[in-house]
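Peer 1: Read off the chains here:
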Amino acid sequence: MNSFRAFVALLVFPGLLYALPMGWLMLGIERKLKARFQGRIGPPLSQPFYDAVKLLAKMPVNRVASDLGFLVGLPLLAVGSTIGALALLPVFRGETGFVGDIVVLVGLLEMPPLCLILAGYASRSIYGEVGATREALVGIVSNVPFLAALVAMAASSGSLLSSQIAAATPWAVRVPALIAILFCLPIKLRLNPFSLANAEQELLAGPLTEFDGPRLALWELAHAMEWTALTGFVIVFAVPVRSQFWYVNATIFVILSLALVPLLTLLASSTARLKITQATRMMWQWGSLIAAIALAAAVFGRSGGH
Amino acid sequence: MSGSERGLILRLVERARRRSAWLYHFNAGACNGCDIELVTCLTPRYDVEQAGIRLEASPRHADILCVSGPVTRTTREALVTIYGQIPDPKVVVAIGSCPATCNVFAGSPVIDGPVDKIIPVDIYIPGCPPRPHAIIEGISRAIEKLAVRKTESVAGGR
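Order-wise, the sequence lines are chains G and C.
Residues in the first sequence are numbered from 1062 upward in steps of one, following the numbering used here.
Residues in the second sequence are numbered from 184 upward in steps of one, following the numbering used here.
Because the hints were derived from the structure by calculation, they are not lab data.
Glycine residues also receive a C-beta, built at the ideal position from the N, C-alpha and C atoms.
Using C-beta positions, here's what the derived DEER-type ranges look like:
#, chain 1, residue 1, chain 2, residue 2, range
1, C, K328, G, L1137, 28 to 36 Å
2, C, N215, G, M1343, 33 to 41 Å
3, C, P309, G, V1069, 58 to 66 Å
4, G, A1311, C, T226, 36 to 44 Å
5, G, V1133, C, P303, 24 to 32 Å
6, C, I219, G, A1333, 15 to 23 Å
Think about it this way: if two alpha-carbon atoms lie no more than 25 Å apart in a straight line, the pair counts; the simulated SDA-like pairs of lysine to any residue are:
#, chain 1, residue 1, chain 2, residue 2
7, G, K1095, C, E239
8, G, K1093, C, P315
9, G, K1095, G, P1082
10, G, K1093, C, L195
11, G, K1093, G, L1319
Build the full structure now, drawing on both the sequences and the hints.
Peer 2: Quick look at the structure:
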């Protein structure tokens, strides 16, 4: 990946210029569909955009100077690392990346939840702290199957190069691994039934209770781009072949990413929020089981091949 | 050149404020009647989310402060704090007769209201309780006020 291509990937596609409108569109579809499922008309698709503009134009209340570091720094870090993760997604054919880029990619994807946890604790609000605790707890239980599935895919393809993993993982490993990753998606996007961390009304706004105006807008931007990044992450590893035409790859990537949104929305609007014990038990039992199947398939596939 | 650009951004901000008003609901000792009517506005029958209106749980996220109840002595300080926590521009809506006049509680020694003695109120929605239609109309007028309100910094936050 030369520097020009890296620049384009960061700022244009699948980076900032694509991820932000796409994230807003995904959030808009999610809110609209959720309303339709509940028998309401719901907000227009442009709603997340107007929310962001309104928040950016608000005048934040003066705070102690020492608070400004976490109030501005953490959401900026979340936005930046999500853009970085998007840029590393192997969407196109010629993109060889670098060995170990899957580790960097997962690390960058994990940054926004980590920033959110820190923000919740640093805000010193009781609601923020409880929200951060829950976020940390579901983060741990969701990352066990998530990482196990990725390890299975990396081991069976014999590579730490994300484009190589996407191309060479056998289907016996790929299918259970992707199911395990899909299982973790509602947790990572804080959707029902795993919306424990940002439990509306119950915990006020969770870790984001003390954020206002433009700082809250930054979190909303990070969340929108998380949608693009995580759905894109699944799609990149679900499609093994890459066309030689860049626009075919881009179109497939965009359409399949969008197709995941109604699925997640259907799950979110048809379930109620779980308790923390129920959520963790569900992840330990079922998430780990599917990930273990993927790991076992990877191990047996390797020993059978040699 | 720069004048027209600024006009464009201001118009966009006004439009965004009209389409995305987030409410914070504060119960200052209300009997729960107005609170139920306010929540009714979010149900499929009235569905105010069509207009981008959302009930927010944190005052720091809100644009419109909805107060119900005649402001008892114990809620007065919380009301002032929460008013200071809402970032500018903000609008205050008094829902029901209690925040406007103290209603049947007028003259009681434990009542510090009405609300406009403590914080400035922009819109009054009379009724005991007001119907959801009246609340939606009042909030839409509050949104009109919010859209054209100038942003000024307030030192009262904490």
